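Number of protein chains: 4
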Amino acid sequence: MPNEIKGLNEECGVFGVFGAPDAAQLTYYGLHTLQHRGQEGAGIVSSDGASLYQHRDRGLLAQVFADQAELKRLVGNAAIGHVRYGTSGHNSIANVQPFLFHFHDGDIALAHNGNLTNAVTLRRQLEDDGAVFQSDSDTEILIHLIRKHIREGFIPALKQSLNQVHGGFAFLLLQKNRLVAALDPNGIRPLCIGQLANGAYVVASETCALDIVNARFVRDVQPGELIVIDRDGLHIDHYTTKTRLAICSMEYIYFARPDSIIHGVTVHNARKQMGRLLAREHPVDADMVIGVPNSSLSAASGYAEESGLPYEMGLIKSQYVARTFIQPTQILREQGVHMKLSAVRGVVSGKRVAVVDDSIVRGTTSKQIVKMLRDAGAKEVHLLISSPPFRFPCFYGIDISTRSELMAAHYSVEQMRQRIGADSLHFLSVDSLIRAINVPDAGDAPDGGLTVAYFTGKYPTPLYDYEAGYLKSLNEQERRAQGRLIK
Amino acid sequence: MPNEIKGLNEECGVFGVFGAPDAAQLTYYGLHTLQHRGQEGAGIVSSDGASLYQHRDRGLLAQVFADQAELKRLVGNAAIGHVRYGTSGHNSIANVQPFLFHFHDGDIALAHNGNLTNAVTLRRQLEDDGAVFQSDSDTEILIHLIRKHIREGFIPALKQSLNQVHGGFAFLLLQKNRLVAALDPNGIRPLCIGQLANGAYVVASETCALDIVNARFVRDVQPGELIVIDRDGLHIDHYTTKTRLAICSMEYIYFARPDSIIHGVTVHNARKQMGRLLAREHPVDADMVIGVPNSSLSAASGYAEESGLPYEMGLIKSQYVARTFIQPTQILREQGVHMKLSAVRGVVSGKRVAVVDDSIVRGTTSKQIVKMLRDAGAKEVHLLISSPPFRFPCFYGIDISTRSELMAAHYSVEQMRQRIGADSLHFLSVDSLIRAINVPDAGDAPDGGLTVAYFTGKYPTPLYDYEAGYLKSLNEQERRAQGRLIK
Amino acid sequence: MPNEIKGLNEECGVFGVFGAPDAAQLTYYGLHTLQHRGQEGAGIVSSDGASLYQHRDRGLLAQVFADQAELKRLVGNAAIGHVRYGTSGHNSIANVQPFLFHFHDGDIALAHNGNLTNAVTLRRQLEDDGAVFQSDSDTEILIHLIRKHIREGFIPALKQSLNQVHGGFAFLLLQKNRLVAALDPNGIRPLCIGQLANGAYVVASETCALDIVNARFVRDVQPGELIVIDRDGLHIDHYTTKTRLAICSMEYIYFARPDSIIHGVTVHNARKQMGRLLAREHPVDADMVIGVPNSSLSAASGYAEESGLPYEMGLIKSQYVARTFIQPTQILREQGVHMKLSAVRGVVSGKRVAVVDDSIVRGTTSKQIVKMLRDAGAKEVHLLISSPPFRFPCFYGIDISTRSELMAAHYSVEQMRQRIGADSLHFLSVDSLIRAINVPDAGDAPDGGLTVAYFTGKYPTPLYDYEAGYLKSLNEQERRAQGRLIK
Amino acid sequence: MPNEIKGLNEECGVFGVFGAPDAAQLTYYGLHTLQHRGQEGAGIVSSDGASLYQHRDRGLLAQVFADQAELKRLVGNAAIGHVRYGTSGHNSIANVQPFLFHFHDGDIALAHNGNLTNAVTLRRQLEDDGAVFQSDSDTEILIHLIRKHIREGFIPALKQSLNQVHGGFAFLLLQKNRLVAALDPNGIRPLCIGQLANGAYVVASETCALDIVNARFVRDVQPGELIVIDRDGLHIDHYTTKTRLAICSMEYIYFARPDSIIHGVTVHNARKQMGRLLAREHPVDADMVIGVPNSSLSAASGYAEESGLPYEMGLIKSQYVARTFIQPTQILREQGVHMKLSAVRGVVSGKRVAVVDDSIVRGTTSKQIVKMLRDAGAKEVHLLISSPPFRFPCFYGIDISTRSELMAAHYSVEQMRQRIGADSLHFLSVDSLIRAINVPDAGDAPDGGLTVAYFTGKYPTPLYDYEAGYLKSLNEQERRAQGRLIK
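Those protein sequence lines, which keep their order, are chains A, B, C and D.
In terms of full-length UniProt numbering, the first sequence opens at residue 1 and continues consecutively.
In terms of full-length UniProt numbering, the second sequence opens at residue 1 and continues consecutively.
In terms of full-length UniProt numbering, the third sequence opens at residue 1 and continues consecutively.
In terms of full-length UniProt numbering, the fourth sequence opens at residue 1 and continues consecutively.
Treat the hints as calculated values from the structure; they're not laboratory data.
Wrong hints could be hidden among the right ones.
[Said to hold, decoys possible] Calculated lysine to aspartate or glutamate pairs in the DMTMM-like style (CA-CA distance at most 20 Å, straight line):
id : chain 1 : residue 1 : chain 2 : residue 2
1  : A       : Lys72     : D       : Asp67
2  : D       : Lys148    : B       : Asp128
3  : B       : Lys176    : D       : Asp136
4  : B       : Lys148    : B       : Glu127
5  : B       : Lys148    : D       : Asp128
6  : B       : Lys367    : B       : Glu305
7  : B       : Lys176    : B       : Asp105
8  : C       : Lys176    : A       : Asp136
9  : B       : Lys379    : B       : Asp230
10 : B       : Lys176    : B       : Glu127
11 : A       : Lys159    : C       : Asp232
Quantities reported herein were computed from a predicted structural model and do not represent experimental measurements.
Given only the sequences and the hints, what does the whole structure look like? Please build it.
Here's what the structure looks like:
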């Protein structure tokens, strides 16, 4: 969750409901629990069976709907909503979802979590055929593809279009009388279905959003599925049968809320187990275990339990760091002033501290944490990472698509330790990661039904538009290891 | 810290610095770490040796200084700042501190944490003598008293005035060439002194504010002291010698940041110790211990360690609950929808859960937490409170000055348990509380140098304006227990 | 200009410049003088030869660019801008112009003043062919048409597209290296070209926008012309030769700024002449002439001069009526409380007053003005309108496209007088209107080169999508008079 | 009214009502018509007979009450309001009126138009006696004086206080059951009384504010009067009998709204008469007369009528110049770009133009106007000022209290003409000014009951705190002319 410290950012969270009074309000609460998946923009589109109503803007959900009248305007029994992460360059309101498109034969709203790997190619083809795009977003491509085939009917057009787009995606579409959800053939992004007491169905990125609206969990959406919800209830269809589960492991490691259950695994439990296996693989000689709040606290408590070391609060995180916060000057920063994290001197002073963190991206935060703990008197600082080294980019919706920013892509573990300044540095192995998560739905899918390409370079899909750039970023040895050759 | 759930609210936090370039900026960072002490308003006054500069407004610090230009306008080497809690009724900008008063013989700024017990009487006397008040705040009384005596000189006038006001108070005053700090004769509110690398002195409500600006801790301000900081350095003076330490125990239990050190005691360690002693006094038969985030996590981990039960994350707290958040409808609330806290179903389902919380004020949050855990499948819910029952109001700066809101003032523990719906309910004893905190500076002060009147009704000072109302709120038995008689 | 009182609202104003440093800033000042043409939204797109930069929002220009940084971000030597009137229903930011479209082969910005009469038909055809529209605006149709033909090259595609759209239009298009302007075949909306001292060319809806940036007037854009401005200078081309001047007479009567010169006629002079001819056609027995500020002051002074009656200030207009103004309650309104206009008691009391106004749309303002003057003591109130009765809607960009709101469409002059409560009511004849304006460029164009269809029902073009609805709104007699038959 | 162009700014407008439902709303409309008297801040305090309610902020009235809920909160049958001009330096919200003071024996609200000449002295004395001021405003002094005497009762204390303050002032005070108005002994600032249909009384700076709330004019408040309005009706009292009418002539020349009637004189009529007498004193050989909009249009039409020259619209003023407007760069300004005024080329080109303006303060606007007209082709530009040269400062509430800014204090008329660049420059004589206004209430008061000290240096009162500085600003000759000697 602490996106400001990490360099990793999930692209989005989605929520939809069909058949419930105050659908927009339910969507608002659902999106609230998904806010950790995106803080740059939020929006809701509702339907009253006749028309679609939209409100969206940049900022946090509570800012976008600061005026309650905006939410009240979104009448009707169906709605979809979206929270968005976006890089500053493209952070115009035109890119805030859900998109709402008006056609003489009916309006369509669209919300998306994920990333398409053949977006550039598709967009160029569409523009050459006369298409006019209104956003920079990949998401809009789907609607243009649908409209190309619209004379065949909406659902057939949608199925054809879903077979044309590639990558990791979870789409929600709202028409005046229908809510549609679709998941990519590898189920890379999470998406689940719930049901309200009144029988209405809910679709959300994570189960925490079902919980807040008191919806009973029904099932996870499966790879390649097309879910249609209308007045007749829930229809489970599919647009492809060439599927293979490869859910993003970073959801378990870092992104998802600890109370969410993805493909049968409670995220907190998976993290605690990562901590336990980390303690077995890498026991350290220390006086206490501390976690980096908030996302690493589960793993830290697992490490503490397994190792028998006391679990302490050695770092605390401010609740009040706002986007508008005035940043410390360079001089203050060099003195170790950090707005978000503080070391607890009274706890760590004079002690050998084992710090558990969930991942290292650029390494800058790790370095600051080690300095902060030493400044507060820690005698030794051992850094334990509850995931493997993050060496390869994500092309499925996490905002790291180049290797240049990844510390582990360029340095050995020992080099990283030196740069970070820790007394020791250890990572969880890929095998232990898979074992800690242990997806029950995995069947015989490789890597336990997980995408672990960030650690291994072995992606579950072709990379299309990204392939050439990716290949160039690999060194000789990596290319061979992955069986990739530049022609 | 989670003020929205509790009914308790600290009145303020203060920060001052003299002799450092960018004094206002340092004050901004210092106030940032004190934001948990007040979220209703914030302000800074700086001095460049010739003039005083002010900016203050309602809202969080980051909102008040959303425009960085406002901070840059506050030039000079000295500054004081304030974060404020205020009830909505009086939440006008006129009450946001520091107050800045212009006089033909020099400006004075004033910031205050605490509450005066004879404010009504003093104000009435002053008004009858021609005084015109600009705020509803007690704080302003001090300046009117000072001006009454001003012909005797500023410091003598201040000392006289400090002997006229009663209650719990920590004052900071800024003149163009001087920073002054004063603490009440019982040291009820915390106040500490630090020193920057360049020799400049810093004064703050908590040591976490020293840490963020990299100031070395010098000492706590002692009861009855008057601290003057000017170009010649630090002068420790006093305005009274009739002093006796009675630091507010709620600072340790609930208000202060876990990384702060008050009178030699790290707050996290005190809380963890409360949890340990609670486990000794009230062991329960459970499968796990969970804490109510964030302020009860330390006590919960103490309880877990002492009891040998696993420490789990059974409740999580949203980071994104804003003041502007649209509240759930009554129906949703009855369904258990809670914006701030969520139970982790995958952790508590089917389990006997021991929940540690730091206090019960009105009892409404406790009731919601128990319901939430049961809805998530908990088999048993045992509620363990790491402080004694809160039965008597605070007149020294915590925003509970009537007994009507206090659940423990009206119900026995068993009655409370029933209303809250827990399987068992236990409180820490007053003796264990005193033992857990264990203030080393206490000497032979009663109650270990703490104010524990909230639990015992035995206040360290006369109550002045509040005495009559307080007496009326007591029943016969309580009056006798406290040796108080209505004439 | 007083749009709030009238029911008439011009759709837009446009401004463009190519070849000048700080092009966006010049556009800002140009748009400032065109603000009377639209107060609902404003925007600017600039080009630095490589990229296009956009800022637009709802509200007045000064609000949209309240943060000067937004204007500074719009770098480059070329820019186009737009001020927009829009009905509240469609007042989303998506409809605020200029529109900016991104294509892999280059961006295009588009701004439009006018209205297309075959927009519905074109849009339906485009959508059925797969087009996805992003706004409700007619304007966007042009870009979809262009993209359909884009493989033939941009200028040929644009010419083809301009022959497909019908109605009244003035388009500005900006590409990274080119500014293009196009006017409809009847020149219904005004558009002029100017030149800066440095040789850069400027295009604007009115000459007042040339004046403010110190541009020398070059020429009016003529019907059917396509103006291309690039590094090689100004290129005058055309996309059709089937043209006939029919400039909108309402520009002279009401919309345009009095200092603008349209097709050789200074607007103030035209209005003053309307007042003079009105005095010749309808002399009244009165003590003074007063005008309704601000748009009728020219005509009123003309009437006064011709009639020899004194010209007085009998009505004054508040400068401070904001959009956010809290409207008087019904009771206050019935008492004659009016936020915008006040009668000057000391001037009109006891007098016979001749009030000159430029037009009557719904008649509600006229009624209020008469009441206000009588309440201030006027003995007689004679209402003189410096244009003919407004009986037929405008389909070329003025926001009256139904007859239901037009008082003169439903009542005789005598009936209008009674409803308004004036002692007499007179209108200028169509012939005098044409004579007063006296367009020198008119040649042998009918109606002196003016569109006077609002008074006669004789439109200079077919009405396409509007024809059926318009026919239904006519009575038998009107249909015959216009030679129109319902099949 | 065009404050941005002039250097002159009225300090305030006041409005009060007692005994009418929705008193705050009436006050809002009243203040709306007084907005020309101050645009920097606005506020209203209402009373419901038990409590006083306040809202005030910086900005225009419509901005301050942009949220209608703020106005609705101000319940009760009585209210006072204020619009304020303030220089940027002191433009804090603390200075925005009405001030509201809370006392244990009842609240008091206070609004003021004018300026006290012995404020510095009084404030110093009060502070030395212990007073704490909350604003920089002179206004607050009155409340401190009242509280000094409060044990004698409110009205006696007020009368004593009014005899202690000197200068030009119109005060409104609101207590929960009473509205009080007081005017200085010379009646320098205007103040009038009206009555609503329901019998409630209204007090306002100008009669235009009576008109908008449909109040019947009752009488002007006379010098030295104290008006008390309560449930028993209107009580006319006085605090001094040493009075002599000297109403500020600038109200007629420039500040007041043309529809207001001050001491029996309609402002428009006075201005028109100034124009007529100016034409008699200074006929010029020209083709037309034009006025500088808006405040000089009355005088211009008077000049035109008297001279027989045509009255034309040669300058127009933009309605859309906002405070936030981005100012033209220096280069653009030098090119004559002016945001507020434009010359009408089609009117003035090739013509000899007589421009009538109401006053010259710094001369910069006059210079710009002349340049603008010449740039638009005017052959000759004759500047005619409908008041005498403004040579001496105002100490009674107009924001010019030093002579350094006044062009006429430093240059002869011929020197002014050269600097401004006009072909001729003429001013109205003091005698004609007095004759044009012709106050019927004047009796045998000197200067026709007007303050004309701005032109003559002969002030109707001693200058107290300002005397020394003023004397220093005079040259030998001026000192002698005024019979003033420096000791």
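Here is what the structure says about each hint:
no., hint, in the structure
1, A:Lys72 to D:Asp67, "holds (18 Å)"
2, D:Lys148 to B:Asp128, "holds (9 Å)"
3, B:Lys176 to D:Asp136, "holds (18 Å)"
4, B:Lys148 to B:Glu127, "holds (12 Å)"
5, B:Lys148 to D:Asp128, "holds (9 Å)"
6, B:Lys367 to B:Glu305, "violated (26 Å)"
7, B:Lys176 to B:Asp105, "holds (11 Å)"
8, C:Lys176 to A:Asp136, "holds (18 Å)"
9, B:Lys379 to B:Asp230, "violated (62 Å)"
10, B:Lys176 to B:Glu127, "violated (28 Å)"
11, A:Lys159 to C:Asp232, "violated (51 Å)"
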